[in-house]
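Enquirer: Produce the complete structure using the sequences and hints provided.
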Amino acid sequence: MADDFDAQAALDAATDTRTHLADRVQTPWWYHPCYGIFIAVTCLALGLPAGTISHQHRLYLFLLVIIGNFAVTQVYRHVTGVWIQTAVGPRTRRLMIEFAIGLVLAFAASVANYLWHGPWWTPVVIGAAAIVAATLFGRHYDEALRAEMRAGASP
Amino acid sequence: MSEPVFDDLIHQPHRLRICVLLAGAEEVAFQALCEELGVAMPTLSKQLKMLSEAGYVTTRKTFPSGRAATWARLTTAGRHALTGHLAALKSLVEQVD
Chain G
0 MADDFDAQAA LDAATDTRTH LADRVQTPWW YHPCYGIFIA VTCLALGLPA
50 GTISHQHRLY LFLLVIIGNF AVTQVYRHVT GVWIQTAVGP RTRRLMIEFA
100 IGLVLAFAAS VANYLWHGPW WTPVVIGAAA IVAATLFGRH YDEALRAEMR
150 AGASP
Chain R
0 MSEPVFDDLI HQPHRLRICV LLAGAEEVAF QALCEELGVA MPTLSKQLKM
50 LSEAGYVTTR KTFPSGRAAT WARLTTAGRH ALTGHLAALK SLVEQVD
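Residue numbers (numbering that gives the first Met the number 0), protein chains in the order written: chain G, 0 to 154; chain R, 0 to 96.
Since the hints were made in silico from the structure, they are not lab data. Just to be clear, a hint being listed does not mean it is correct.
Stated by the list, open to error - Beyond 10 Å from chain R on every Cβ pair, some chain G residues (computed): (1) Ala99; (2) Ala107; (3) Pro118.
Claimed, not checked - If the Cβ cut is set under 10 Å, some of the chain G residues that face chain R in the computed set are: (4) Asp5; (5) Ala6; (6) Ala9; (7) Asp15; (8) Val24; (9) Gln25; (10) Val71; (11) His77; (12) Ala152; (13) Pro154.
What the hints assert, rightly or not - From the structure, some residues in chain G lie toward chain R, with a derived Cβ separation under 7 Å: (14) Gln7; (15) Thr26; (16) Gly80; (17) Ile83; (18) Gln84; (19) Ala111; (20) Ser153.
Cβ coordinates follow ideal geometry from the N, Cα and C atoms, glycine included.
Expert: What follows is the structure, given as structure tokens:
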């Protein structure tokens, strides 16, 4: 019957389309390291002890992160032509929560270093770890995202 | 599980693929839609206009680097219609099986 052949062909086309979209969402190599750098700069702005950096320069660092974040996002949108900001399935949701917890811990440790007059190198070490973690985590997240998109999950 | 509801508007092959693409993301660029569908911009514009008039799709323009870029998004009504339509297609296939 024409209807069932049309129906199956339409379903196959939908599956094929999802796969193509997932393949398109290939994050540029610089994207996650950039986010790691933004996290690192934020840790520095939050955690460098008083006297090592003025309040004005701390503010400049925060502005740099905000502007850089916006710029990187715009370039990503232009390069891929696709924008997905939220998790699309259970695996990406779990990973996002883990990332958020890591972010809170990094910032909290940096603020604690500032408040308790810790050494200058503490936020530097946290920031360096953040760059590595963001790069590795980002790639892991992308793999999960593409797998869930192929399976039909959506934001 | 959505209630199966066959949608004549979405059933057209290009429009079905447009809806599936938009359902997989928050926004998709016009140029990306053209590339994925393998159609020219006037054809895509016509399909998006029909979906937009039905309330299934919204579009907006941005101006990165001074040049206009159009982005399309599936509305809640569009997602609901697509989900119902895909459920109807699955139901049709299962009836034959």
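Enquirer: Taking the hints in turn, state whether each one holds.
Expert: Results of checking the hints against the structure:
{"no.": "1", "hint": "Ala99", "result": "holds, 19 Å"}
{"no.": "2", "hint": "Ala107", "result": "holds, 30 Å"}
{"no.": "3", "hint": "Pro118", "result": "holds, 42 Å"}
{"no.": "4", "hint": "Asp5", "result": "holds, 8 Å"}
{"no.": "5", "hint": "Ala6", "result": "holds, 4 Å"}
{"no.": "6", "hint": "Ala9", "result": "holds, 5 Å"}
{"no.": "7", "hint": "Asp15", "result": "holds, 9 Å"}
{"no.": "8", "hint": "Val24", "result": "holds, 8 Å"}
{"no.": "9", "hint": "Gln25", "result": "violated, 12 Å"}
{"no.": "10", "hint": "Val71", "result": "violated, 13 Å"}
{"no.": "11", "hint": "His77", "result": "holds, 6 Å"}
{"no.": "12", "hint": "Ala152", "result": "holds, 8 Å"}
{"no.": "13", "hint": "Pro154", "result": "holds, 5 Å"}
{"no.": "14", "hint": "Gln7", "result": "holds, 5 Å"}
{"no.": "15", "hint": "Thr26", "result": "violated, 14 Å"}
{"no.": "16", "hint": "Gly80", "result": "holds, 3 Å"}
{"no.": "17", "hint": "Ile83", "result": "holds, 5 Å"}
{"no.": "18", "hint": "Gln84", "result": "holds, 6 Å"}
{"no.": "19", "hint": "Ala111", "result": "violated, 36 Å"}
{"no.": "20", "hint": "Ser153", "result": "holds, 5 Å"}
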